[in-house]
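Next come the chains, spelled out residue by residue.
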Amino acid sequence: MNRRIFLGQSAALLGASAGMNKLALASSKTKAKVVVVGAGYGGATTAKYIRMLSNNGIEVTLVEPNSDFISCPLSNLVIGGSQQISALTTPYDGLSDKYGVNMVKDRVTKIDAQKKTVTTGNGSTLAYDKLVLAPGIDMNFDAIEGLAEASRDGNALQAWKAGPETVALHQQLADMPDGGVFAIAIPLAPYRCPPGPYERACQVAHYMKQNKPKSKVIVLDANPDVASKGKLFKAAWNDIYPGMVDYRPSHRVIGVDGKNKTIRFEFEDELKADVMNILPPMHAGNLVKEAGLANMNDRWAEVSFLNFASTQAKDVHIVGDSIQTAPRMPKSGHMANQQAKVTAAAIVAEINDFPVNPNPVVTNTCYSFVDTNMVVHVASVHQYDSEKATFLAVKGAGGLSPEANQLESVYAWGWAKNIWSDTVA
Amino acid sequence: MTKVQNRKIETRIRYSVIGVLMGFGLLGHAKVNAETIDAQRVYNLALANTCASCHGTNGVSVPGAGVPVINDLTAEQIAESMRGYKDGGREGTIMHQLAKGYTDEQIEIIAQVLGKK
Chain C
1 MNRRIFLGQS AALLGASAGM NKLALASSKT KAKVVVVGAG YGGATTAKYI
51 RMLSNNGIEV TLVEPNSDFI SCPLSNLVIG GSQQISALTT PYDGLSDKYG
101 VNMVKDRVTK IDAQKKTVTT GNGSTLAYDK LVLAPGIDMN FDAIEGLAEA
151 SRDGNALQAW KAGPETVALH QQLADMPDGG VFAIAIPLAP YRCPPGPYER
201 ACQVAHYMKQ NKPKSKVIVL DANPDVASKG KLFKAAWNDI YPGMVDYRPS
251 HRVIGVDGKN KTIRFEFEDE LKADVMNILP PMHAGNLVKE AGLANMNDRW
301 AEVSFLNFAS TQAKDVHIVG DSIQTAPRMP KSGHMANQQA KVTAAAIVAE
351 INDFPVNPNP VVTNTCYSFV DTNMVVHVAS VHQYDSEKAT FLAVKGAGGL
401 SPEANQLESV YAWGWAKNIW SDTVA
Chain G
1 MTKVQNRKIE TRIRYSVIGV LMGFGLLGHA KVNAETIDAQ RVYNLALANT
51 CASCHGTNGV SVPGAGVPVI NDLTAEQIAE SMRGYKDGGR EGTIMHQLAK
101 GYTDEQIEII AQVLGKK
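These protein sequence lines are chains C and G, in that order.
Under the numbering used here, the first residue of the first sequence carries the number 1, and numbering increases by one thereafter.
Under the numbering used here, the first residue of the second sequence carries the number 1, and numbering increases by one thereafter.
For reference, chain C alone in the conformation it holds in the complex (with noise of 0.2 Å):
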């Protein structure tokens, strides 16, 4: 389809009856088609908020290769036995019942982005005006020796995506002795959810103390201190896990040894673990890496914060953890969810040859559970900035909990089950 053809006919109808919507004239003619990559927070978001957006007036294809969605923030309490993953699974099927996206159960493998084409894993060809490419972090395993071979074999799992391995991740744990060690490894920040490995080696805790209170979680964090929520943390790690969980500051992995369960360091002496969840630095997701976007030290993607547009290729943008992203703003499911929808206006927009928003926002809200029913958050509000072309984070606004509690279970639950709802039912 010629988009500019398509544009010129929208004008011109729109010019023939004032005050019309033009999206629901659009929607008689041939549609604009964008393709979304990765059903994650931003994809899913991003397919949804489209076709709202245009009253349907734009045809939308999302190609991802899972059935379910399975949410990431929670699949901590999954580690540590308080959930099961079926609880933070939610099936695909409102996207394509409810809002028409059509959903394609596939992988991409190609995408041409002179012709503006896609090359599915079965070998179809999807054509796009535009293109969206969601497909979150991948792990940089060649930073640790000896990891993609301890990962593959099961001796040193990274649990960083949720689904299966976040299952086997427990299992490992539940399989673990009573006075037996579990290693969390930290990389360098930025990475995927900053708070993540802290509220998981509280969820390590929690089950230690119920089920093997001999056990200890050693903290191995490449960071010179905990990333996010880190007073908080710490508080949890203290008054809750006394003398359970072992935070070492500064400690940077070079290597593991799964057969031995060793890891090794720059620095310090190698140490043994029971079980060995080690992340290593993380990267834009394959995709956009393999197809050069990942244009910010080889790793991150540039884009443009008003559309999230990459500054590599025209007409593709790129939401969620595989974007450089704006000063303060985290590598967040809910970060990705807030970047989707500003993509999905400006994309709209765009398609229909209006401005794009000048002034978008996006706010981040992120719970960590210390117990089974205790809560820390982190929030915080970013507000485009035109002058320096990115987001801000609005000084005086945002911010923590002051300290752990109850009632703020009750609204991370409440977060979550309207979260999934908003991203993909």
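Be aware that one or more of the hints could be misleading.
[To be verified] Quick list of in silico lysine-lysine cross-link-like pairs, DSS-like style, CA-CA up to 30 Å:
(1) G:K86 <-> C:K231
(2) C:K417 <-> G:K117
(3) C:K234 <-> G:K117
(4) C:K33 <-> C:K105
(5) C:K395 <-> G:K86
(6) G:K86 <-> G:K100
[Unchecked claim] Restraint-style ranges between C-beta atoms, simulated for each label pair:
(7) C:N260 <-> G:G64: 47 to 55 Å
(8) G:D87 <-> C:P65: 45 to 53 Å
(9) C:T30 <-> G:G64: 39 to 47 Å
Note that these hints are calculated values from the structure, not bench results.
We treat Cβ as the ideally placed atom computed from N, Cα and C, and that holds for glycine.
Position chain G against the provided structure of chain C, taking the given hints into account.
Quick look at chain G alone, frame taken from chain C:
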């Protein structure tokens, strides 16, 4: 709320949005054509959509989710609540922190979009 009051609020919102757009140099003149109405609709929705991540799409919460429900509130009630959180008159766990991130005009627009019709 009466229809007349509603219309007054709508008019006020519309003019404040036009003001914002003019501030950004998008409108060289105050004439509103069909195109800017479309743009305005999308901008306003995009702003209100920031609330949906916690409060549900279009402010409609999953039944029994547990987050305070906002879709039974009028525009005026939403605006008043948000202003209260922003100014410190109203306490919350997180909303007093989030409300401070929005301008007064943005709060008006959000209230108008999400308020019970």
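The hints, checked one at a time:
Distance restraint check for G:K86 and C:K231: the Cα-Cα separation of roughly 25 Å lies within the 30 Å cut-off, and the hinted pair is therefore satisfied. With a CA separation close to 25 Å, the supplied pair C:K417 and G:K117 stays within the 30 Å bound. Note on C:K234 and G:K117: the hinted pairing is violated, with a Cα-Cα distance of about 46 Å set against a maximum of 30 Å. Between the alpha carbons of C:K33 and C:K105 the distance comes to roughly 18 Å, so the proposed pair stays at or under 30 Å and holds.
Taken as a hint, the C:K395 and G:K86 pair is honoured in the structure, with Cα atoms around 13 Å apart against an allowance of 30 Å. Between the alpha carbons of G:K86 and G:K100 the distance comes to roughly 5 Å, so the proposed pair stays at or under 30 Å and holds. Between C:N260 and G:G64 the CB atoms are about 50 Å apart, so this pair conforms to the stated range of 47 to 55 Å. Between G:D87 and C:P65 the beta carbons are some 48 Å apart, a value that agrees with the proposed interval 45 to 53 Å.
For the hinted restraint 39 to 47 Å between C:T30 and G:G64, the CB-CB distance of approximately 43 Å keeps it satisfied.
Checked against the numbered hints given earlier, the structure breaks only hint 3 and satisfies all the rest.
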